[in-house]
Structure formats: C-alpha cells, structure tokens
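*Asks:* Now for the letters of each chain:
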Amino acid sequence: MPPSPKMPATRPQANVMLSRVAHSLYWMSRYIERAENIARLLEVNLQFILDFRGYDDAHLKEHWGSILASSGDGDLFREHYESSDSRSVTEFFAFDLRNPNSILACVFAARENARMVRDQISIEMWETVNELYLFLKARSTTDVWAAGPYEFFQDVKRNSHLFQGLTDSTYSRSEGWEFIQFGKYVERANKTARILDVKYHILLPTARDVGGALDTAQWQAVLRSASALEAYRRFYVQEILPWKVAEFLIFSDSFPRSIHFCVVQIDDFLRRIMGESGPRPRTAAARLSRRLLANIQSLTIDEVLKDGLHEFLGEVGKTLDRISEELVQTTMFYPAESTQEEQQLQQQQSSRVPGSKP
Amino acid sequence: MSLLSNPYDTGEFFDEMYAPGGDVRPHYRRLAERLGTLEVAEFERRRAAVDLAFLRRGVTFTVYNDAEGTERIFPFDLIPRIIPAKEWSRIEAGLIQRITALNLFLRDLYHGQKILKDKVVPAAQILTAKHFRREFMNFSVPRDIYVHICGTDLIRDRDGSYLVLEDNLRCPSGVSYMIENRSAMRRAFPNLFQSYGVRPVEGYSDDLLRALLHIAPSRNDRPSVVLLTPGVYNSAYFEHCFLARQMGIPIVEGRDLVVQDTSVFMRTTAGLLPVDVIYRRIDDDFLDPAVFRADSMLGVPGLVAAYRAGKVALANSIGTGVADDKVIYTYVPKVIKYYLDQDPILPNVNTYLASEITDRKFILENMANLVVKSANEAGGYGMLIGPASTKEEVADFRAKVAANPRNFIAQDPIMLSRSPTWCETGFEGRHIDLRPYVLCGEKTTVTPGGLTRVALRKGSLVVNSSQGGGSKDTWVLEDDK
Numbered sequence: 001m002p003p004s005p006k007m008p009a010t011r012p013q014a015n016v017m018l019s020r021v022a023h024s025l026y027w028m029s030r031y032i033e034r035a036e037n038i039a040r041l042l043e044v045n046l047q048f049i050l051d052f053r054g055y056d057d058a059h060l061k062e063h064w065g066s067i068l069a070s071s072g073d074g075d076l077f078r079e080h081y082e083s084s085d086s087r088s089v090t091e092f093f094a095f096d097l098r099n100p101n102s103i104l105a106c107v108f109a110a111r112e113n114a115r116m117v118r119d120q121i122s123i124e125m126w127e128t129v130n131e132l133y134l135f136l137k138a139r140s141t142t143d144v145w146a147a148g149p150y151e152f153f154q155d156v157k158r159n160s161h162l163f164q165g166l167t168d169s170t171y172s173r174s175e176g177w178e179f180i181q182f183g184k185y186v187e188r189a190n191k192t193a194r195i196l197d198v199k200y201h202i203l204l205p206t207a208r209d210v211g212g213a214l215d216t217a218q219w220q221a222v223l224r225s226a227s228a229l230e231a232y233r234r235f236y237v238q239e240i241l242p243w244k245v246a247e248f249l250i251f252s253d254s255f256p257r258s259i260h261f262c263v264v265q266i267d268d269f270l271r272r273i274m275g276e277s278g279p280r281p282r283t284a285a286a287r288l289s290r291r292l293l294a295n296i297q298s299l300t301i302d303e304v305l306k307d308g309l310h311e312f313l314g315e316v317g318k319t320l321d322r323i324s325e326e327l328v329q330t331t332m333f334y335p336a337e338s339t340q341e342e343q344q345l346q347q348q349q350s351s352r353v354p355g356s357k358p
Numbered sequence: 001m002s003l004l005s006n007p008y009d010t011g012e013f014f015d016e017m018y019a020p021g022g023d024v025r026p027h028y029r030r031l032a033e034r035l036g037t038l039e040v041a042e043f044e045r046r047r048a049a050v051d052l053a054f055l056r057r058g059v060t061f062t063v064y065n066d067a068e069g070t071e072r073i074f075p076f077d078l079i080p081r082i083i084p085a086k087e088w089s090r091i092e093a094g095l096i097q098r099i100t101a102l103n104l105f106l107r108d109l110y111h112g113q114k115i116l117k118d119k120v121v122p123a124a125q126i127l128t129a130k131h132f133r134r135e136f137m138n139f140s141v142p143r144d145i146y147v148h149i150c151g152t153d154l155i156r157d158r159d160g161s162y163l164v165l166e167d168n169l170r171c172p173s174g175v176s177y178m179i180e181n182r183s184a185m186r187r188a189f190p191n192l193f194q195s196y197g198v199r200p201v202e203g204y205s206d207d208l209l210r211a212l213l214h215i216a217p218s219r220n221d222r223p224s225v226v227l228l229t230p231g232v233y234n235s236a237y238f239e240h241c242f243l244a245r246q247m248g249i250p251i252v253e254g255r256d257l258v259v260q261d262t263s264v265f266m267r268t269t270a271g272l273l274p275v276d277v278i279y280r281r282i283d284d285d286f287l288d289p290a291v292f293r294a295d296s297m298l299g300v301p302g303l304v305a306a307y308r309a310g311k312v313a314l315a316n317s318i319g320t321g322v323a324d325d326k327v328i329y330t331y332v333p334k335v336i337k338y339y340l341d342q343d344p345i346l347p348n349v350n351t352y353l354a355s356e357i358t359d360r361k362f363i364l365e366n367m368a369n370l371v372v373k374s375a376n377e378a379g380g381y382g383m384l385i386g387p388a389s390t391k392e393e394v395a396d397f398r399a400k401v402a403a404n405p406r407n408f409i410a411q412d413p414i415m416l417s418r419s420p421t422w423c424e425t426g427f428e429g430r431h432i433d434l435r436p437y438v439l440c441g442e443k444t445t446v447t448p449g450g451l452t453r454v455a456l457r458k459g460s461l462v463v464n465s466s467q468g469g470g471s472k473d474t475w476v477l478e479d480d481k
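Protein chains in written order, with this note's numbering: chain P, 1 to 358; chain C, 1 to 481.
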C-alpha cells in the first residue's frame, strides 16, 4: 500500500464517553452476567431434581415454585403456563421471549446493547455476544431436552466467561470499563442474594426436612448455583451448615461472587465513575453504596439471622437497585423516550412512515 | 470435478470474463487458471467459510417489514469483477469530471441560478424537484462543497461501454461492503492477491476522514468529527459502525446531540462537548424537527441554525438531492458542458422525460419496451421493466405516468453486462452493475474499486439487495501487463 499523507489530527476521543454509550455498556454487561446466572441456577436445580427422584409432584411443584418466587417472575409464569414442571420452567427461563429475564431475552438484549456500541467495544467482544445469540437462536427447548441440557447450559456459561475474559484482555481501562464492571457486579450481587433467598423459600414451608440428607443436598445446590461449592469447602473444611453457607455467600471477602466482594467492587467503580476522591461521598449513589458496604462489613451472620435473612437480602436487593438508578440519573440525561415502534420506523427512514411526505 | 468443467454460455450479453468467441479476456486469465485447479468441493468449502465469517462478524443488513427484524448477510459471490488499469483511469476521470460539475451546479442552483437563466436546465424542473431546498438559497456551504461523498451507479451496455445509470448524492451506502468483501476475498484466496496486482481499497476511510476534516470550521485546529446515524434499526447500521470505527470517531444518534446558542454539543458522561463536523447518514427530512419534519425523533432541534451560523459542518450538505433527481439526471451532460466546457467522459443512459410532451407521447406508446422509473425512489422500488412485465402492470404504470408526468422518466432497457457467478451447480452469467465511491475534499479522489452488485436471480436486471441482489469484490489492477 502506498504511504498515506499525514492525517490531520482530530480531537482525542479516548476520554469522551457518550452517556448513551455508557448506558449501553452497563446494560450489555448486566445482561450477560444475568444470562450466565440463570443458566447456572437452572442447571443446578435440574441436576438436583434428577438426584432426588423420590420427589413427588407436590415437592417438584414447590421446588420450582420457590425458584420462580425468588426470581420475581412467578406471576408472569403462571400467566403463560399451567403447571410448573422441569420442562415448562426450562422453557420459561431459557427460551421464552415473553419472559424478559429468560436466557434468550437477556442475550438478545445484551446483543442489542452491544450493537449500539459496536464501534466502542472490541471485535472479539462483539463476535462473542453475536455468536452466543446465533447459538441460542438456532435451538429450542425440545433440542436442549433431547440432547441433555447439561451441554447447553455449559455453552451459555462458557460464552459468558469468554466474554468477560475478552473484555478483560481486549478492552481499554477507561470510563467504559468502569461502567462494564459496575454493571457486572451489581447484577452478580443481586443474583447471589436471590440464590440465597431461594433456600429461604425452600426451607420455610417445610421445616421437617431441616438437617436431613435432602437439606444438605439443597444447601449444596445453593452453593453450586453460585459456583461456590469448592470455595466453601476450601474455606471451612467441614460439613455444609446452613448458617455457614449464608455467611460465606454474604460476607466472604475473597470469593468473587459473595455479596461483600461484589459491593466492594461496586463501591470502587462507582467512586471512579463519579469522580469521588474524598473520604466523604458527595453523590447520592456513592453515599448509598458506602452505607451498604459499611453495613455488610459491620454485621455478623448471627445478627443477620436474628433480624431475618429474607429481610436482609431483600434490603440488599433494593439498595442495589437504588444505587443503579441514582447512577443513571446522574450520568445519563435524556428527554423521555418516544415509542419504540415509531423510532424503529423512522430509523429505517422509510417512506412508509406515517405523516411522511408522499 | 474441476470448477470450470461446465460449459458457460455468454448469451447475447457483454461478458466481463469471456470474449464473444469463448476466450478468457486477458485480465481474467490468471484467475481462470487458478479456478481451473480448484475442485468444486474445495470451492464450496471456501464459500461456506466466507458466509459464516460474515454472519459471525455481523456484516448484515436489516430486512424491513419483518416482525423479528431479521438480519441477513448480503449474498457474496467469490468470483471477482476485474477492471484493467486503462479502463479504470477512464472511469476515474469521468467520475471526477461529473462530481466537479455537479458541485458547481449545486452552488449555482442555490445562488445566482445562472444555468436556469441561460435556459440550459428548465427552471420549472428545479422548482418542482422534491429535494430542492428553497430554505438554503444564498447560503454558502463550507469550502463550496455540497457533495463530499458520492456513489455513482455505472452499468455497461452490450458493447461494454460504461454508462452512468444514476448519481447518489445524498447518503450513498454500501462502501463498507466494498471493504469487507475485499477482506473476505483475501481470506478465501490469499495467494492470488500477491501476484495479481490488485489496488487496495482500504484507503477509503482515511480519505473520508480527510474530506470531513477539510470542511471543519476554522476556529480550532483539532476538530471533533462525529457520524450521525438514525440508529440501530437502520438497514445500514452496520456500515455506520464500521466507518466510525475505521475513522476512530464517535457514532452518535440525534438524542446524543444538543444545540445551544447555535453550537452543537454531544452529551457525554463528563458533560457537553463541542462537535465541529457531522458526517450524517440521516436524510434531510429527519435532520432537524425545527425546520423539516416536525415529528422527526432522529434529528437535532436547532441543527440547521447551527449549520447556517457556520458553527458546524455537514457532509453531505443539505439539498443535494435536487441533483440526483432522476429527471435532473437527464440534464447532467449539459451541466458538464455548461460549467466545464467539456464533453462528458461517461455518457448517460438515453432517457425520456414524461414531463416533455413529445417524450411523454413516446413513453406512453412504447411503455412495454422501456424501463420506467419514478423520479425519487431508490432501492429498485417504483419502477417498471417493460419487456419483463404483464399487460396489466404496463397499463397500471401508464395511468400513473399520465397522472403525474413530472414524477417519471423512461429509459431504453440496457442489457447490463454479465459476469460468471456461482449458481448451485456451476457458473452462469448474471447481470452486474458497479458503484464506485467518490470523495470531495481538498482533492477529489475515487477509491480504486467499488461495490459490484449482482442480480442473482436468473435473467433479472435488478441488483438491489432488497430484491435478491448480491455482491462481488471489485478488483482494479495496478497495470495491464
């Protein structure tokens, strides 16, 4: 190629981040993390049910019911499905686009956000999201069921890990990076809280099983849902005790999916995004995250259990939501959005747009 | 079985690869040799690999009127279209001549209108043109350049001469495919390029950025350039991202921009930052709801005022569509003569105007033998190919033309040249056109190559992607040794 004449300089763009781009990076990251967590939750629980073939229909219904309850999608499920069995729940959580939190819906949303910022992320990141989407689109519950769901969930999780690894190794440490990390940890903390809460739902209605083989298996399932079984064993080197599991998943300062670990990261990335440097936070979002962190760091598991695990986890979830909302409020200022459909039509610049000149 | 073992029929058309006697034309010889050594299965393997790569990379366009918003890859044919150096230098000269005249024409139309006063172009045709923007009379655009980016559609008739089919002076698309097709070919046939002496097309984005920087307001020496897209649902969204990434500039939507005191800013996480040059891929109508369509959600209120105040530059300028109106197209040879005192190097296709009485009579009487087009449609819509249409379709169009003559033109059907194209079982001739890309900045440059579109349906003359068209890589050779 002939040498090109020297290009005049444009203003350096490295530190310019459109609010919309920041927003999309944040959601892209959250949705990928969410898809991975749903895949793991489903996988573990399907496996769990296989291990306990003695489960009668009532148990089965109760089991899936509690998972639906913890995800907050129970009403939506009952709207579209008659009974909660393994197959219908898999369909609902994996492929049903009517469920905005299904794996397919999450990956689709992650890809749409990635598409909006395609010029900003690395080609490798884009290709991974795109391939995951194409992979999911080419499959249905029937296929997954026929082939055994294990491989399928593995693929989803592996792609999420690939994406996060590629983000780590191909994306510049910039403001965009901070939004991506913030989104990931908010989602992860939320999901760990919910996974722990599943057990609360399982436990409460039938106290008779506490301490039995089933109970231990269920707590194991909780740990595996958070990829935490090995880490837990290494840390405690003892049997699986309910309060120890809760303690580990809430307070561990080294396990990367514990609520504490995630909130430390959230607080850190939030301070960087907001430009908080002093010891006393200036913005509402940073104050909230600091308070949450201080709370977690000063409580003991006994205190949490005494005041109610479910209440504690609910409060964590709510605070995380408020932190995200505050961040959005502060860094993204948009007029109210017009209807999606009209936007789409105009973006196509089609002459069929209502009101366009003939 | 080797690839070239099937018989190939050039038919009654100009074939890019084979001379009428069946001999391979000299500039295709080395390609033919290479293809001759390739087994069908191996060729199919490479073809599948290329398709998969396009899908994975998301080199796709969005199909409208499809509930799921399906994205498709633009079908790609592995046989390149090859243009010898000598042929190209004539095309290049013709394109530069044409865009130079068209920019002078636009400047005149929006200022003294000398060409109308001299009655070279009838004033009525301009005043009735849909894209003539009266609001911009006597407004001087930066550096007097109206069209910075142009994609001109060329076709070849039966004897192989190049003709201009239409000028695209608003937001021509497809240039990303020119570059992506090249990288696909490099992957499929890595060794062929080394020996062939194919001129690179990858300089396009540097040239584009240079052309955009050329029109930056002079107030600062490090201008900020952005690409304005309608958004992710636009069929050319991939291209917008591609170009922004290649140039290293932000891609913005209307809602990312805001105008304050006639200056344009983008909303960033660090607050508002100024914008100097906008490469806009949004039509005039949607650009500014305060001036054009009030219901536009894609534009930026106040953008036109900022443009008028000279605070921001737009590429292309507003109102360029008047010069690619298919009626005005008819006058371009006269426009070239008028401003440059030269004969056009690339002739037009012979065109009849329904608005002229004698032409109209001819069109209405001979419609079954003509191609009839409406003046402002694109994408292969709103046209009638007489010889390929039923009596009812012809009658229907006759009524449309009679009702609104200004909106229609007719052309002699051109039997577009053909190129060997892989079709299921072997090579068959398919009709092609060529869209080279011209950039006007400090210098006017034509990227050596372009988008060769191919009508994949047997016998079809419509190459548009929305109507079953595909594309090929376009090779312009360094020299003709």
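Among the clues, some could well be false.
What the hints assert, rightly or not - Which stretches of chain C does chain P cover? Using the computed rule of at least three CB atoms under 8 Å from a CB of chain P, they are:
1. 15-27
2. 49-58
3. 268-275
As the list claims (entries may be wrong) - Computed far set for chain C versus chain P, every beta-carbon distance over 12 Å:
4. 45
5. 116
6. 161
7. 165
8. 190
9. 226
10. 230
11. 231
12. 237
13. 240
14. 248
15. 282
16. 297
17. 309
18. 465
Derived from the structure by calculation, the hints contain no laboratory data.
Positions of the beta carbon are idealized from the N, C-alpha and C atoms, including for glycine.
*Asks:* Which numbered hints does this structure break?
*Replies:* Failing hints, ascending: 1, 9, 10, 11, 12, 13, 14, 15, 16.
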